[in-house]
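Trainee: Below are the chains, spelled out letter by letter.
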Amino acid sequence: MAIKAGSLVDPCSTRITKTGAWRTFVPVFDHEKCIKCSLCEIYCPEGCIHQEDGLYIPDLDYCKGCSVCANECPRMAITMVLEEK
Amino acid sequence: MSYNTANMKVVEGSYAVAHAVMCCRPDVISAYPITPQTHIVENLSQMVADGELDSEFLTVDSEFSALSVLVGVCAAGGRGYSSTTSQGLALMYEVLYNVSGLRMPLVMNVANRAMGAPLNIWNDQQDAIGARDVGWIQIYAENVQEAVDATLQAYKIAEDKEIRTPVMVCMDGFVLTHVYEPVELLDKEKAREFLPDFEPEHILDPDHPMTFGAFADPSTYTEFRYQQFEAQLKALPKIEEVARQFQESFGRYYGGLIDGYFLDDADIVIVTLGSVVGTIKDAIDAMRSEGKKVGMLKIRSYRPFPVQALRKALKDAAVIAVIEKDVAIGGEAGLVTDLKAAFYNSSIRTPIIGFAAGLGGRDITIKDIRRMVEKAEAARKGDLSEFEFLALRKEIL
Amino acid sequence: MDKSLLAPGHRACAGCAMPTTIRLVLDAAGPNTIVVSPTGCLEVTTTPFPESSWCVPWLHSLFENASAAASGVEVMLKRRGKDTNVVIIGGDGSTFDIGMGSNSGMFERGHKILYVCYDNEAYMNTGVQRSGSTPFCVHTTTTPSGSQSQGNPRPKKDMPAIALAHGVPYVATASVAYPVDLRRKVKRALEVNGPSYLQVNAPCITGWTFDAGTMIELARLAVESGLWPLLEYEKGELVGVKKIRRPRSVEEYLKLQGRYKHLFKKAECADMLSQIKDMALANMAKYNLVD
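Chains as they are written, first to last, in this note's numbering: chain A, 63 to 147; chain B, 170 to 566; chain C, 149 to 439.
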């Protein structure tokens, strides 16, 4: 990897760092309870919650397990579970 | 060197430099007024106001902001210009490193002035010589004409894709900024041919987003510095090349990295930079007529320091006397230290003695130069004093 | 996630409000935006060479000159006839203190730049030291609670008032807990043909010390207690106040944060707690926060 003079960097390139390795707790989504308010998607600091076929799914490559989504879900449809590896 | 006197006008040094900047077609001029640079920016401001110069002139809130604005200008693809001196240069110290580290080809005229405290608005070179390690190229002008010509050359050097290093064009404050001299002002069209528009490879552009100024941890920082170091080495031949190209277009040449005066057979060589060169030339003319074999080597490019050129030019000198308008408090002075370092590992064993003179705007007289030459003659006979303040007023200490 | 202009993989603490704030700002501003940031948590967590989270063009120069650098960008864009948003996103450290000079210059020169301050109320990146934005009584590493001291002795600097005093045509406060309001204010600010200043409350889990995942709840409490009123000024006139639907007590807000815990433990702090409550009441009255 050759460095570009002036410490110039390509955009969107932090994607290569999988911050999912940081977490202790992982969010589990109960899609039955979900009312699709999208607050979890809005509040997630990593921006890693997205919709797939109408369901809200966290991208576990990046989820740091911060539990903001679980805290804010108005239907308590998200539970933080200790992640066993 | 021949001057085409038919095209010369008697103008103030600051006006001549402002005119040169106009011929360089900067997109943005961002400068904060400080004596003795003020006339440069006032002239530029008037040129913009009168429609002579199509540039944005920003009245910024400090020198720190002045150079910082140009960081944004350059990142957005524009050619920027600033000018400052002394306290202003010191205030932008952080930005100087930022600009060179980001490889931005800015050009700045520094109207060399003493650093306070004590506050002093008159000429010496402590400001720029004190900033010799910040990664900028430094070119020192002997007279107004050279300051004019060096400004145009500076952009060409800075913007070269192999170089991408900012340049300070140094001119002694008041001595060269406020003097009225006959100058051949640059021709706008010729300047445009010599210096085409600035076309950087990467700019801030939503169509091609890039991140400028990421932080580098220990695993990569050294290599960024190395790139800058290499670029300054490449600048050595580039400065010479651009000076020759300038000579082809405009007919004037002052040396690229260095220049000599009665150097070839000189036993005693005076080494210096800046406008004191003029006084020294007069002193040498007088001493030569008395049969003394004195010569002078003028350093035009202080950074990059032209080690090879200096070794070649000075190898036959019997003694070298360095005179400079700065001190390195706690050391000796910038130029003499760099020169001794340049010779240490070579086979040259010529004694080198250093003199700080002209600090805080004190005139350097022909008498002072003669005194220095006497000391050099004594040093040749073994009576060596390594470094001293020339013309120190012991009576007021 | 693919549409987000701030890519994941950045190094912000888990549960930090700052990246959420940034995503909301960028979402409202859109891809035709150039961002300039000073040194701080944002800059350091999003651009560790050779990576960058930014999917828009982004420039970092120094800690105290984002406004000056952004001024240079704005001038060049104008010169080339480009209609691109220029947005500064910086923390309170740069905004309130070290960058004051260059901020003042930018506001006063009238550049078309939106300045977003994500305000976590201390110099967080360097280890939670007091800034001009740190509220009264807060424990920071340079205004610690100790046997001779009860935390920060000075009130929070009123940066929106400073912007207003410069004649900045659009000034507003916002919160990460009110995303719709925040996005609307960003869009409104970008319509202004001049500078605009938006101060966003962004709780810091490391510096304020609170339970994981409660950053939004805290930000909401800051607003609902009256301590962080959501205001909007156009051309110096107060044109918008977000009413508090369910007023909450100041204690409820402060008790959740480690940086205020000395207020509840030390008898000598009782008077300070009253003073903070008074500040909230004063805001309620001044801005008519509760119907």
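Misleading hints may appear alongside valid ones.
Computed Cβ-Cβ distance ranges for the label pairs, DEER-style [said to hold, decoys possible]:
id : chain 1 : residue 1 : chain 2 : residue 2 : range
1  : B       : K330      : C       : R302      : 46 to 56 Å
2  : B       : D433      : A       : D72       : 47 to 57 Å
3  : B       : Q397      : A       : K80       : 26 to 36 Å
4  : B       : L561      : C       : R302      : 27 to 37 Å
5  : C       : Q296      : A       : I78       : 44 to 54 Å
6  : C       : G275      : B       : E358      : 14 to 24 Å
7  : A       : G116      : B       : T228      : 34 to 44 Å
8  : A       : A64       : B       : L402      : 10 to 20 Å
9  : A       : D72       : B       : K403      : 46 to 56 Å
10 : A       : L122      : C       : K403      : 27 to 37 Å
11 : B       : R480      : A       : D72       : 39 to 49 Å
12 : B       : Y513      : C       : S295      : 37 to 47 Å
13 : C       : Q277      : B       : T228      : 41 to 51 Å
14 : A       : D72       : C       : Q277      : 27 to 37 Å
Straight-line Cα separation of at most 27 Å, DSS-like style, residue types lysine-lysine; simulated pairs [unchecked claim]:
id : chain 1 : residue 1 : chain 2 : residue 2
15 : A       : K98       : C       : K260
16 : A       : K95       : C       : K151
17 : A       : K98       : C       : K151
18 : C       : K335      : A       : K98
19 : B       : K461      : B       : K403
What the hints contain is simulated information worked out from the structure, not anything from laboratory work. For each residue, glycine too, the CB sits at the ideal point set by N, CA and C.
Trainee: Now tell me, hint by hint, if it's right for this structure.
Mentor: Checked hints:
no.	hint	in the structure
1	B/K330 - C/R302: 46 to 56 Å	holds, 51 Å
2	B/D433 - A/D72: 47 to 57 Å	holds, 55 Å
3	B/Q397 - A/K80: 26 to 36 Å	holds, 33 Å
4	B/L561 - C/R302: 27 to 37 Å	violated, 50 Å
5	C/Q296 - A/I78: 44 to 54 Å	holds, 49 Å
6	C/G275 - B/E358: 14 to 24 Å	violated, 58 Å
7	A/G116 - B/T228: 34 to 44 Å	violated, 56 Å
8	A/A64 - B/L402: 10 to 20 Å	holds, 19 Å
9	A/D72 - B/K403: 46 to 56 Å	violated, 26 Å
10	A/L122 - C/K403: 27 to 37 Å	holds, 34 Å
11	B/R480 - A/D72: 39 to 49 Å	holds, 44 Å
12	B/Y513 - C/S295: 37 to 47 Å	violated, 59 Å
13	C/Q277 - B/T228: 41 to 51 Å	violated, 34 Å
14	A/D72 - C/Q277: 27 to 37 Å	holds, 33 Å
15	A/K98 - C/K260	violated, 37 Å
16	A/K95 - C/K151	holds, 26 Å
17	A/K98 - C/K151	holds, 18 Å
18	C/K335 - A/K98	holds, 25 Å
19	B/K461 - B/K403	violated, 38 Å
Hints 4, 6, 7, 9, 12, 13, 15 and 19 from the list above are not met by this structure, while the remaining hints are.
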